[in-house]
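> Take a look at the letters that make up each chain.
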Amino acid sequence: MEKSSYPSPVINQPDPAWKAWFAQHGSRLLMFARQQTRTEADAEDVLQDAMFRLWRSGMTELGEDGNAQPSLPGAFTQIRRSAIDQARKNIRRANREDRALEMGEMTDIVWFDSTLEQDERAAAIETALKTLPDYYQEVITLKIWGDLTFEQIAETLDIPMNTAASRYRYALEKLRRTLTPAKLS
Amino acid sequence: MNPNEDQMLAQLERELFSLQPLPPDPSLMLRLERTLHDPVLDRAPASQKIVPFHKPIAPASVAPGHNQVAWKPWAAVAACAAVATTAVTWKHNQLKELQANSRFVAGGSSSPKSNYIPRNMESKVQGVSSGGLKLDPQRGLMREVRVEFNNHQEYVDPDTGSKLEIRYPSVEEIFVLEPVQ
Numbered sequence: 001m002e003k004s005s006y007p008s009p010v011i012n013q014p015d016p017a018w019k020a021w022f023a024q025h026g027s028r029l030l031m032f033a034r035q036q037t038r039t040e041a042d043a044e045d046v047l048q049d050a051m052f053r054l055w056r057s058g059m060t061e062l063g064e065d066g067n068a069q070p071s072l073p074g075a076f077t078q079i080r081r082s083a084i085d086q087a088r089k090n091i092r093r094a095n096r097e098d099r100a101l102e103m104g105e106m107t108d109i110v111w112f113d114s115t116l117e118q119d120e121r122a123a124a125i126e127t128a129l130k131t132l133p134d135y136y137q138e139v140i141t142l143k144i145w146g147d148l149t150f151e152q153i154a155e156t157l158d159i160p161m162n163t164a165a166s167r168y169r170y171a172l173e174k175l176r177r178t179l180t181p182a183k184l185s
Numbered sequence: 001m002n003p004n005e006d007q008m009l010a011q012l013e014r015e016l017f018s019l020q021p022l023p024p025d026p027s028l029m030l031r032l033e034r035t036l037h038d039p040v041l042d043r044a045p046a047s048q049k050i051v052p053f054h055k056p057i058a059p060a061s062v063a064p065g066h067n068q069v070a071w072k073p074w075a076a077v078a079a080c081a082a083v084a085t086t087a088v089t090w091k092h093n094q095l096k097e098l099q100a101n102s103r104f105v106a107g108g109s110s111s112p113k114s115n116y117i118p119r120n121m122e123s124k125v126q127g128v129s130s131g132g133l134k135l136d137p138q139r140g141l142m143r144e145v146r147v148e149f150n151n152h153q154e155y156v157d158p159d160t161g162s163k164l165e166i167r168y169p170s171v172e173e174i175f176v177l178e179p180v181q
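Those protein sequence lines, which keep their order, are chains A and B. For the first sequence, this note's numbering assigns the number 1 to the initial residue and increments by one for each residue that follows. For the second sequence, this note's numbering assigns the number 1 to the initial residue and increments by one for each residue that follows.
These are computed hints drawn from the structure, not numbers from a lab. All figures in this text were calculated on a predicted structure; none of them were measured in a lab. For glycine and all other residues, C-beta sits at the position ideal for the given N, C-alpha and C. Keep in mind that a hint or two might mislead.
Derived Cβ-Cβ restraints for the label pairs, each shown as a range [what the hints assert, rightly or not]:
#1 A:Asp-85 with B:Glu-5: 21 to 27 Å
#2 A:Tyr-135 with B:Phe-17: 20 to 26 Å
#3 A:Asp-134 with B:Pro-23: 32 to 38 Å
With a straight-line Cα cutoff of 20 Å, these simulated EDC-like cross-link-like pairs (lysine to aspartate or glutamate) come out [claimed, not checked]:
#4 A:Lys-174 with A:Asp-134
#5 A:Lys-19 with A:Asp-85
#6 A:Lys-174 with B:Glu-15
#7 A:Lys-89 with A:Glu-40
#8 A:Lys-130 with A:Asp-113
#9 A:Lys-130 with B:Glu-15
#10 A:Lys-19 with B:Asp-25
#11 A:Lys-19 with B:Glu-13
#12 A:Lys-130 with A:Asp-119
#13 A:Lys-130 with A:Glu-40
#14 A:Lys-130 with A:Glu-173
#15 A:Lys-130 with A:Glu-120
#16 A:Lys-174 with A:Glu-126
#17 A:Lys-174 with B:Asp-25
#18 A:Lys-174 with B:Asp-6
#19 A:Lys-174 with B:Glu-13
#20 A:Lys-89 with A:Asp-119
#21 A:Lys-130 with A:Asp-65
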């Protein structure tokens, strides 16, 4: 992956190309942000912050058309960093969120865009995913919906590549045990 | 390795791939666009939540029936807007207008016949900052504004002249939405 500097004027005069890039990858980026946060609002905030960081960092890669575009693995890295920062700040917000929860203002984050036929199954998978430890969840999310290689996952999460691969395998096994074989078929 | 296990994992993997993440709300694109256009004002995202303000906790010394003090955060904010030290400077009338237009829901007591008159409105405004954008179905594009101030007010009992000081435990923040011009 070739890194190059993203021209700074882009920050003040957004190139329409970023919109196309976001339209293509927005769902998977938000999916990872949802996995890293507690609420939809937090996920959107984290994604917004991460995009800003990404653009400021100038992390780009060459797209299929040979032009520089924002780095997708870089975007996941920034989402994770932003989520960590937000979690630290959230101590102050915790009470407020608890109150909002009590008042029914917060709802659980929905991860998947499922059809009616898929609803039940998608909900079961989502529930099973959310019961996994975070370090399994993030590997599964990045691999399946982030479309990253193990090498890129390792870089994003700052872990060895073998660890990323083994966590993925263990996570799948755990999911399979949670979602019974009968449900799998 | 058990071949059946591998088969089942592959099947599960295929099923996971078939699930599509829920796409972002269109308002998120507007927020991002705005962020790029206006990185100084919009780089600090704020929560989407508009939540009621903390209900004041009356001190134990308050006489029965007088324990509900009208809490007017906007009055405090307006009076102290001039001391806001962040990049966004707010004037009194702007805040009033903001109050009128916002859908901020002030929490706390609203006892209309409170005998306690706010003597000191100097709850310190710690900062006013602009946050993310939201698309309001009725009012169009709105910018979220976060106002942070210190919860500290004094009141005077008009009957006895005694001072009542009400301290709240922490710096508080409130969120409002203002229309984007």
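> If a hint holds in the structure, say so; if it doesn't, say that too.
Hints, verified against the model:
1. Take Asp-85 (chain A) and Glu-5 (chain B): their Cβ atoms lie about 39 Å apart, and the range 21 to 27 Å is violated.
2. Between Tyr-135 (chain A) and Phe-17 (chain B) the beta carbon distance is about 21 Å. The supplied range of 20 to 26 Å therefore holds.
3. Distance hint check for Asp-134 (chain A) and Pro-23 (chain B): the Cβ-Cβ separation is about 24 Å, which falls outside the suggested range of 32 to 38 Å.
4. Taking the CA atoms of Lys-174 (chain A) and Asp-134 (chain A), the gap is near 13 Å; set against the 20 Å cutoff, the hint holds.
5. Straight-line distance between C-alpha atoms of Lys-19 (chain A) and Asp-85 (chain A) comes to about 26 Å, which puts the hinted pair past the 20 Å bound.
6. For a cut-off of 20 Å, the pair hint linking Lys-174 (chain A) to Glu-15 (chain B) stands: about 15 Å separates their Cα positions.
7. Of the supplied pair hints, the one linking Lys-89 (chain A) and Glu-40 (chain A) holds, its CA atoms being roughly 17 Å apart against a limit of 20 Å.
8. Between Lys-130 (chain A) and Asp-113 (chain A) the CA atoms are separated by roughly 16 Å; this keeps the pair inside 20 Å, and the hint holds.
9. Among the hinted pairs, Lys-130 (chain A) with Glu-15 (chain B) is consistent with the structure: their alpha-carbon atoms are about 16 Å apart, no more than 20 Å.
10. Taking the CA atoms of Lys-19 (chain A) and Asp-25 (chain B), the gap is near 14 Å; set against the 20 Å cutoff, the hint holds.
11. Between Lys-19 (chain A) and Glu-13 (chain B), the direct Cα distance comes to roughly 30 Å. Violation of the 20 Å bound is thereby established for this hinted pair.
12. Distance hint between Lys-130 (chain A) and Asp-119 (chain A) is fulfilled; the C-alpha atoms sit about 16 Å from each other, no more than 20 Å.
13. With a C-alpha separation of about 15 Å, the suggested pair Lys-130 (chain A) and Glu-40 (chain A) falls inside the 20 Å cut-off, and the hint holds.
14. The suggested pairing of Lys-130 (chain A) with Glu-173 (chain A) holds, with an alpha-carbon distance near 15 Å, which does not exceed 20 Å.
15. Between Lys-130 (chain A) and Glu-120 (chain A) the alpha-carbon distance is near 15 Å, which keeps this suggested pair within the 20 Å criterion.
16. About 13 Å separates the Cα atoms of Lys-174 (chain A) and Glu-126 (chain A), which keeps this hinted pair within 20 Å; it holds.
17. Distance hint between Lys-174 (chain A) and Asp-25 (chain B) is unfulfilled; the C-alpha atoms sit about 32 Å from each other, more than 20 Å.
18. Only pairs whose Cα atoms come within 20 Å are accepted, and Lys-174 (chain A) paired with Asp-6 (chain B) is accepted, the gap being roughly 13 Å.
19. For a cut-off of 20 Å, the pair hint linking Lys-174 (chain A) to Glu-13 (chain B) stands: about 12 Å separates their Cα positions.
20. For a cut-off of 20 Å, the pair hint linking Lys-89 (chain A) to Asp-119 (chain A) is broken: about 34 Å separates their Cα positions.
21. Taking the CA atoms of Lys-130 (chain A) and Asp-65 (chain A), the gap is near 37 Å; set against the 20 Å cutoff, the hint is violated.
In this structure, the hints that do not hold are numbers 1, 3, 5, 11, 17, 20, 21, in rising order.
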